[in-house]
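Visitor: If you want the building blocks of each chain, they are given just below.
Protein chains: 2
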Amino acid sequence: MTRTPVRCIALSLLSLLAAAVAAEEGMWTFDNPPARQLKDKHGFEPTKQWLDRVRQASVRFMDGGSGAFVSQDGLVISNHHVGLGCIQNVSSAEHDYVKNGFYAETRAKEAACPGYEINVLVGIEDVSGRVLGAVTPRMSDQEAREARKTAITKIENDCNAASGLRCNVVKLYQGGEFHLYRYKKYTDVRLVFAPEQEIAFFGGDPDNFTFPRHDVDICLVRAYEDGRPAKPQSYLPFSATGVADGDLVFVSGNPGSTSRLYTQAQLELVRDVELPLSLEFVKRRLSVLREYSARGSEQARRAKAQVFNFENSQKALEGRLRALVDAKAMAAKAAEEKELRARVAGDAELKAVSGGAWATIEAAQKKAASRAAEEFLVSFAGSRLLQIAGQIVRYTAEVKKPNEQRLEEYIDSNLEILQNRLFSPAPLYDDLEEATLVSQLGAAVEKLGRSHPFVRAVLGEAGPAEVAKAAIAGTKLKDAAARRALVEGGPAAVAASTDSMIVLARRIDPLAREVRKFFEDEVEAPVTRAGEKVAQARFKVYGRTIPPDATFTLRLSYGTVAGFPAEGTTVPPFTTFHGMLDRSIAHAGKYPWALPPRWQEKKAGLKLETPLNFTSTNDIIGGNSGSPVIDRKGEFVGVVFDGNIQTLAWDYFFTDEQARCVSVDARGIAEALRGVYGADALVRELTTR
Amino acid sequence: MTRTPVRCIALSLLSLLAAAVAAEEGMWTFDNPPARQLKDKHGFEPTKQWLDRVRQASVRFMDGGSGAFVSQDGLVISNHHVGLGCIQNVSSAEHDYVKNGFYAETRAKEAACPGYEINVLVGIEDVSGRVLGAVTPRMSDQEAREARKTAITKIENDCNAASGLRCNVVKLYQGGEFHLYRYKKYTDVRLVFAPEQEIAFFGGDPDNFTFPRHDVDICLVRAYEDGRPAKPQSYLPFSATGVADGDLVFVSGNPGSTSRLYTQAQLELVRDVELPLSLEFVKRRLSVLREYSARGSEQARRAKAQVFNFENSQKALEGRLRALVDAKAMAAKAAEEKELRARVAGDAELKAVSGGAWATIEAAQKKAASRAAEEFLVSFAGSRLLQIAGQIVRYTAEVKKPNEQRLEEYIDSNLEILQNRLFSPAPLYDDLEEATLVSQLGAAVEKLGRSHPFVRAVLGEAGPAEVAKAAIAGTKLKDAAARRALVEGGPAAVAASTDSMIVLARRIDPLAREVRKFFEDEVEAPVTRAGEKVAQARFKVYGRTIPPDATFTLRLSYGTVAGFPAEGTTVPPFTTFHGMLDRSIAHAGKYPWALPPRWQEKKAGLKLETPLNFTSTNDIIGGNSGSPVIDRKGEFVGVVFDGNIQTLAWDYFFTDEQARCVSVDARGIAEALRGVYGADALVRELTTR
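Those sequence lines, one after another, are chains E and H. Taking the numbering used here, the leading residue of the first sequence gets 21, the next gets one more, and so forth. Taking the numbering used here, the leading residue of the second sequence gets 21, the next gets one more, and so forth.
It should be emphasised that the hints constitute simulated quantities derived from the structure, not laboratory data. Note that this is a predicted model, so its numbers are computed, not measured. Where a beta carbon is used, it is the ideal one built from N, C-alpha and C, also for glycine. Keep in mind that the hints are not guaranteed to be accurate.
[Stated by the list, open to error] Below, a sample of chain H positions facing chain E; criterion: calculated Cβ distance under 10 angstroms:
hint, residue
1, Tyr449
2, Thr589
3, Pro592
4, Glu629
[To be verified] In silico negatives: residues of chain E with every beta carbon more than 10 angstroms from chain H:
hint, residue
5, Lys129
6, Lys335
7, Lys489
8, Gly588
9, Thr589
10, Ile605
11, Ala614
Make a model of the complete structure from these sequences and hints.
Guide: Quick look at the structure:
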């Protein structure tokens, strides 16, 4: 499962609409938990105290992923793949903690994770009146968007000024409601424990998105405040008993985005244009990264995180495509839409407001299709250095504007995290940068043609290899101080710069802005407005007892521990360490099913029958990685790290026929910490109540 | 995997044609092994001695299934589900060897398997000239069939009279060739060892036709001659090393039947009529058997073998249906046919002989469809007692006729096995007989209607329950002596009998003969002839370097030990005892993943890392159950017991994308015998060279 970045324009562009209804579906906000369903189906009535505790113990990793406080001393559990960036950054050619694992036996040895920020949701306030009140019926789509943006920015700034908290206005129900989410933030985050990646990601890309699974995909970090371990308001103690088949379980985390109210026209664009194009680019990038990795073990180490991310993306995109070519599911979606449209057509008031929305969306999809390749290619993508250069060019220009006129990622409330990433000392590698940039520019030539303005501006008469080599040779941006100097020098410094990457970024910027503006004005704005109308019609017809689409904010989903039918048999909901050994032996101990030396040595002392991974019917999506799985008592029973391949359909519709959330079992975590790592102190901290 | 009965008219009716070409495809006859492919692909050149040894060690179980001699003292290994009938027959209400397993620690304790016959192929002779020479071009289809039958019967009788061996003429290549197969037979077969069915069939029906798998699906019987352990000409010693991923392996066994040269019209009849109808009847029977089993544990024991067979059938039928609704595969078959037909149309000589064959087959399929339900229902099916009564009625009538005019199953060469089954003392249960007969008669009413001659003849004005109850109450046929008296009394005794089942059978007989004659004359005869013409065209166009369709005679298939891709990952080719424990724990130790008490107690002493089951690309089909898997050295490395769900396509076409043969690993067998059963004497016998 892939982490969901905070900003992912290409993917979120079409993610403007909302959730369809289904049986156990639901990523519920904490101010509107599914109390009735829980009582009716499971005889469970969560108290306010239960909900508050779970919320206060749940955390969000600002650059993607979820987690939970699991001790009173600020210990946070999440996934290895959520903490991977940190583990890599504290590694070096001498100490490869990704390969060998990391364990700080004392607090003094806990290692700072630069750029990591952890958020805890402390308040939700309905500000719909203030946001929606800023829009009048006579405004154009663009005017309405600007008016909303202005209102939102003011609310966020006022909140931040008053409280010092991270304040975000979240659009729910496709703009039917706007809620102000206030977060306490922790920016001093330190790595405590990570297993070897071979064990965290046992089975590698082949087993990713599958079950049975045998991964210890965890890492433990500690939040610090004022140089001391943080004291969270709540934490989730490890359950002493664990879960059994059929148990009610909750997932509390931050699902990134879903698209469950897409119209047929939108689904078709995704199926026929967006996904095939994305797949093409991902495959191209992977082939370059594999070539690069083959040059040597140090190169393989450098490229590992990117390879991992792109392999994951490929499987995810393929899974989504499979969901959308499923004739049965698509017929169900079509029937849903047909019914809703019939109900709208049969009600004069609804028809007046929403009757034209579907046609508007369809027209916008056609426009999107016409420039889809440009959306991917006319950008700073292909090299991290080019991306940084692009961010510097835009940052210096944007911050001079009034907040409400800026590109969204440069508004005040986003600047801090942007700076953290922009000035991160995370290492960059010239040869890797060059390989990926050559590939990206090659794709542009191929898909857009030599005469396209972007290709002309970037390449002139030269070839991708020549341009990429020169750009990387002539930049100082690997040095964080050089970046800082340009940012501090402002537009004048950027305009005067002869740094090769800055020069390239200056040429790309206006072209990329034009493409972006086209998509914002011609696609996003009308689709947003029309999508809201579809949503409004839907609420009037079917009521409001549904959860909003995912928005990378805290949600509670409920489900049961359950296996699933596959390949003519039943896949049971648990695996054990026996299964891990079986699978490793069956693959003759070969990568990615190899056991690291420490595991080879210690396995005889493990209680092999201990549950290791389990499946449940909880509704999750990218961004839920690292979410705690919680039992009725509010105790920690596992940590979400994946969904099986069938959950990829959950972007568009929820089904629990086969789709399952996949978690590391708390019992397996404790057994591994004890039996393999001798981390008895950690186990004590995790099991203390 | 289901055992293939010697006679299975409903299924074999459409199985008249031949094999399509594919990469590693091939169930090769021992007189035409794939020498070139083996040398080119695997650098292996089997000697005549190697082939003779393998052939002499391979055995066929006359009532379905394969096996191999694995010691010089006549010990034969096969599957638990091949020996199940014997294990059941030696069981009683007091001693349930199916549940508890069976192990004869001394030879004196080895238990006779009534009705079991084991065959070893000792000679193959091409008799095509004699069989084909009996047919002249002017003969009608029916005349040609009779002429062939007469010639075949004479060859078989002459051979039997001269040698005392079992002699069968086998039609190969759709009648392109006829070979005389001579078999040494062993009729004194005794049970030596069987594990608990829970372990032989671990995972039960859910895991059947799947992999990963964890079954010790074996039984060991011993062939006796003159009251002493037989001394086979050859046997396969257990390999000391076992196999590894990628190893070349052979399967030597008796595949029942395949239909790989079906025309589109035939495939469509199977897909649209035969399979849906078969599935309907199988589901109906299963629902009755489950109801019956729910009455008590003794009832469950009585019905177990039938439930097992029908559950297997259901999954197999569903798998076949899935293969035939696979648009891609069907398109490939259609393209194959199109190409062949185009080649035929373009060659005057071929066109004259074969040009009309496809249309003939298509017309016959339409006739078959029109009476498909009658083929299933106008029969002695539904009760073993009724089946016995039907066999007695027919036996006494048929044996009075010249051999060549009899129904095929009553010709001299088949009488012995028929008598063995007819006079078998295997127990029958009134309540079970009644339940299944009521269901069968109910189906007839429903599908054929009250006015159909069969329904009128059997039920008159009464209901199915009334008729079935009376028929079972009024019969003495449970007593084997009563059966023998009727057979010995001949047609007069049968005609005079007032035994209720005989009365019923006498009424059914003429109606069933009429349906059978319709299918033989109107479907089978023209399809056979036309199928031969298609086959002849195919040979002329593509050459004769292909193996014939399966015919429940000895075949050699080669392949490699290999995993397969499924659900987005790679399923490795091996499982271990670790995997068995993992799966049992994951299912909370519940049926059918429970471990029997002996296993619970002994598992700690097992080498859990020992390979238990493995997959390979060998081309197999029902009837191969119990076939030995053999390495280059000619040693025993495993015993075939299943194919994964994708192998069900192999009835119609071979593909090794995912389809895999599934075997019990010799190492797992030895480890279980040693570690769980303390059968050290057996292990010594199996590993002695």
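Visitor: A separate judgement is required for each hint: does it hold in the structure or not?
Guide: Taking the hints in turn, this is what the structure says about them:
1. The restraint placing Tyr449 (chain H) at the interface with chain E is violated, with a minimum CB-CB distance near 31 angstroms, outside the 10 angstroms limit.
2. Checking Thr589 (chain H) against chain E by beta carbon gives a least distance of about 4 angstroms; that is within 10 angstroms, so the hint holds.
3. Against a cut-off of 10 angstroms between C-beta atoms, the interface hint on Pro592 (chain H) holds, since the closest Cβ of chain E lies about 4 angstroms away.
4. Satisfaction of the interface hint for Glu629 (chain H) is found here, the shortest Cβ-Cβ separation to chain E being roughly 5 angstroms, below the 10 angstroms cut-off.
5. The claim that Lys129 (chain E) is not at the interface with chain H holds, since no C-beta of that chain comes within 10 angstroms of its own (minimum 35 angstroms).
6. With a least beta-carbon separation of about 6 angstroms from chain H, Lys335 (chain E) fails to lie farther than 10 angstroms from that chain, contradicting its non-interface assignment.
7. Once the 10 angstroms rule is applied to beta carbons, Lys489 (chain E) is consistent with being away from chain H; the minimum gap is 38 angstroms.
8. Look at Gly588 (chain E): its CB is around 5 angstroms from the nearest CB on chain H, not clear of 10 angstroms, so calling it non-interface is violated.
9. Taking the minimum C-beta to C-beta distance to chain H, about 4 angstroms, the non-interface status of Thr589 (chain E) is violated against the 10 angstroms cut.
10. Non-interface status of Ile605 (chain E) relative to chain H is broken: a Cβ of that chain comes within 10 angstroms, the nearest being about 5 angstroms off.
11. Ala614 (chain E), annotated as away from the interface, keeps every beta carbon of chain H farther than 10 angstroms; the closest lies near 13 angstroms.
This entry does not satisfy hints 1, 6, 8, 9 and 10, going by the numbered hints stated previously.
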